[in-house]
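Engineer: Chains A and B, in that order, are what the protein sequence lines are.
Each residue of the first sequence is one higher than the one before, counting from 1 in this note's numbering.
Each residue of the second sequence is one higher than the one before, counting from 1001 in this note's numbering.
These are calculated hints, taken from the structure and not from any lab test.
Model, not experiment: these values are computed from the prediction.
You may find that some hints are simply not true.
[To be verified] Non-contacting residues of chain B with respect to chain A, defined by C-beta distances greater than 12 angstroms in every case (computed): (1) V1024; (2) A1044; (3) E1151; (4) S1162; (5) H1164; (6) S1198; (7) Q1351; (8) E1395; (9) L1444; (10) V1467; (11) T1539; (12) P1543; (13) G1586; (14) R1622.
[Stated by the list, open to error] Not the full set, but computed from the structure, chain B residues with beta-carbon under 7 angstroms of chain A: (15) C1153; (16) A1406; (17) V1439; (18) G1445; (19) T1558; (20) V1569; (21) V1573.
Just so it is clear, CB atoms sit at the ideal spot from N, CA and C, and this is done for glycine as well.
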Amino acid sequence: MRGNVLAIAVQLSGLVLAPLLPGVIQTIKARLQGRVGTSPLQPYRDLRRLWGKRSVAPYDSTYVYRLAPSLSAAALACAVLVVPIGASTIGWLGSDMLVPIGLLALARFSTAAAAWDPGGGFSLMAAGRDLMFSVFAEPLLLLAFVLVAIGSHSTDLVQMVAAAGDPHVATLPAHWCAALAFGLVVLVETGRQPIDNPDTHLELTMVHEGPLLEYAGRDLAMLQWTAAARHWLMLVLAVTFFVPMPAPVPWNLLTLALGVAGLCALVALVETSLAKMRILRVPVLLGAGVAICMIGLASWIAQGAL
Amino acid sequence: MTAPAWLLIIGAVVTCGGIVVSAVPQSMRTGLAMQALGVALIGAAGGMVVVGDGSVGSQFSNGFGPTVGVDPLSGFFVASIALVSTPALIYARGYLSESHHAPAIAVTTGVFVLALVGVVVARDAVTFLIMWELMSVAPAVAILLVSRSPETCRAVLIYLGSTHLAGVGVWLSMLTLAHLGVFTDPHSLAAQPMVVQSLLAGAALVGFGTKAGLMPLHSWLPRAHPAAPSHVSAVMSGMMIKVALYGLVRMLFEWLAPLPAWVAPVLLGVAALSCVAGVLYALMQHELKRLLAFHSVENVGIISLGLAAALLAASAGQRQLAALAFAAAMLHTLNHALFKSLLFLCAGSFQKQVGKLDLDRLGGLLRTMPLTGASFLAGSMAIAGVPPFNGFASEWLTLQALVQLALHGNPTGTALGALGAAALAATAALAVFCFVKVVGLVLLGPHRQKAVASSHEVPPSMTGPVVVLAALCLAIGVAPGVVLGQMGHLSPFGALPASAVGITLAVPGSGVFAPVALAAFVVLCTAVLQLARRRAGTTAPSPMWICGQVPDSRLAWTSAGFTKSLLLVLTVVLRPRRTVSVELDGVLVHSVVHESDVPHLFDELLFRPVLGRVLAASRLLRRTQSGSLRAYLTYLLVTLVLVLVVVRVGVG
């Protein structure tokens, strides 16, 4: 019972800790660029400031526009609770690997549809690009998941995470291919360079930021939290899948924290060293990811045949 | 006789009565209501057969006498037909109120629905084929009653031509099976050489596949479905193509045993092509009903992916997985029937209010038609495969079947399962893209023409059916396990695992998918956040951000603009055409005309050359028809001599 309560507490902490990740990435990035930068807690300050302000709605907008921030935040909150932290999860929300994919699609649908409500060109251009990326990123994410699932022969996230701790899994070429592919998905879903520049203020170059243009106040706070939750989801999944975890409870959480911090540093390093790609080149990169997954699949089939 | 049998007979009689009554203009609405009641009774009978797991009437017979019967698989299709047709018939009461030839269309609709039921309850080859032809002809009549423009006539010609050419496959396979006595004894085919089974499977795939709209045999579908009156389109897209899949299921899963090994991989390939290419072409369409028609190709592809996975799993001896994949296909059949008919009915309401359904000329209909608009939004989310609607539930199950095939299968199963799963994931993402576009262009944003601004909500006879269908989409999305629990025995592979039929779903080797909890959490969380949002104070109205310029309706974002990035990425595959012509007035530019379209490559590269050859061949053949009596007498003489020679040689 106590273990259960602890697991739920840890799981819920994801909702609170999520904004820390973009903050940490920004701080490390600033240091890498020789600036002092903001505190890792800056996203929390932004959220508090936005939470105190009124929302705005463009003329003629409907409930689709007003519901989108809450709906996408709710979908992401659900996804954060489904993805296991430290090999346990809240049971009743489900634990299948396809559920977070569906919830991400729900968030994407609601924000992109909301971009049509005011009908502004900037938001729609960005929403179209985001959806275009997803056409290539979603099969890539699924294939990466399938390759990870080879270790446990199950698509249950808890079992997948548990099996990822097995040293035997690390010797599978398929697992390494999955890691590479998953890295690409992390960059797409979190909207980081070289795919998308989260710091841009030029509307024409926006992807993930574009549909947020019209929002203000609490709506914008929810959408910014959603973006942070997407970081949490992807980075936590990456660490739990590809970093072997020690079993006892405090140690695996510590490993997870260190792993996520390390990945944040890696993302900051990638973002500092690589320029943003041309948008039309991104599918080529993601297609390469699909090819990597195919190689992983072939290696697994070959291993089974041998 | 049992209760379902009585219900079936009463339902059929009431429907026939309704058809007669609706032929009189004054009593057309009453007639349509009677038809709806009769079809609902027939559907209830089908539902009772499915739930009761018995069967009613005769078994399949090899004879030619008319026999009728319902087993659980037929019952499921009968119930699905009723779930789609009853709302469509009620909707027709309002929809047909001001149209020309309304009684004739009402009669045709009733005949069409009865023919659909007839195909799935037929228990001998002849009844099946008669109903099959009636089912093919009825929508053509309905289309021609609405419009006789050259385009429509061409669409009908292509529809009838392709379904009848492909119908050869259906006739061939059905009659051969009756001849070999397969309907009563499935083992009698095993005695035949393998080539017979291969030929039969090929004929069935082409025949039923064309009618189902599987690529590359789908060319008729995006022409015929948009041309029909909307309630007929709803039944065509919702159930007619599924009835073709019913035939395919009977063939592949019951009669053709043992199945040639090539069938499952080929079906999987065709299904993957149908779903990805279907949705990709849907995305590039600019007319709502044509777009929806392409989505039917996509969804038939998804269903066939499930069927192919079931065949692959069965051939590897994994009966439980095969049962799951089969159930996934059936659940998606039901789901697609619901949301596609919902979308077509809503499209009909929009068309009635606005006129044409050019996507770039609508906009903001959610404000003028709140009920229809909200139902359309629900249907769009369902077809996009977004939780908590029913599309996600059946796509989850289909994906699970493919992924489990990849994880637990032999090398072929692994490769094909993973490829199918990746194709389905891409399809789901494309469907989200497509329906974001549709929802945005149809329901949201500013009105793009005056007719849209002056549109208003349609009468309750037209909103009621779509609201009910939307509620059904949500209900099945929240509790798919309950529906699956009633469908477990449809497959020839035995029962579904107990974990897959409850409030939460889990297949062997998967995690738990808890649709009720997910839906409750998302709805509650959204509600709390909305309340929090209200507490911050009133929402301030504001203009949208376009860098401080004045909004101009001519700069409104279009369908083509939204999908441009994807089109640019896939230029090699889609080969868009673009022409810009500049008219000069002296040295001044007078006007610039820009035209762009995405040609349908299947038509251009596959059908046009074939059609050209066929027409050339028929021109050659026409030379023999000189009209001169002597020539015909010569033909007769030659034929007679040939027959005598054949008889002589045959006897010798």
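Engineer: Determine for every hint whether it applies to the structure shown.
Structural biologist: Hint check results:
1. V1024: V1024/B is indeed farther than 12 angstroms from all Cβ atoms of chain A, at 43 angstroms.
2. A1044: 33 angstroms, holds
3. E1151: Given a closest Cβ separation of 30 angstroms, the condition holds.
4. S1162: 30 angstroms, holds
5. H1164: 37 angstroms, holds
6. S1198: 27 angstroms, holds
7. Q1351: Holds, since 21 angstroms exceeds 12 angstroms.
8. E1395: At roughly 8 angstroms from the nearest Cβ of chain A, E1395/B sits no farther out than 12 angstroms, so the non-interface label is violated.
9. L1444: Violated, because the least Cβ-Cβ distance between L1444/B and chain A comes to about 4 angstroms, which does not exceed 12 angstroms.
10. V1467: 17 angstroms, holds
11. T1539: Violated, because the least Cβ-Cβ distance between T1539/B and chain A comes to about 5 angstroms, which does not exceed 12 angstroms.
12. P1543: For P1543/B, whose nearest Cβ neighbour in chain A is about 7 angstroms away, the distance does not exceed 12 angstroms, so it is violated.
13. G1586: 33 angstroms, holds
14. R1622: For R1622/B, whose nearest Cβ neighbour in chain A is about 48 angstroms away, the distance exceeds 12 angstroms, so it holds.
15. C1153: Nearest chain A Cβ about 36 angstroms off; hint violated.
16. A1406: 6 angstroms, holds
17. V1439: Where the cut-off is 7 angstroms and the nearest Cβ of chain A is about 5 angstroms from V1439/B, the hint holds.
18. G1445: 4 angstroms, holds
19. T1558: 10 angstroms, violated
20. V1569: 5 angstroms, holds
21. V1573: 12 angstroms, violated
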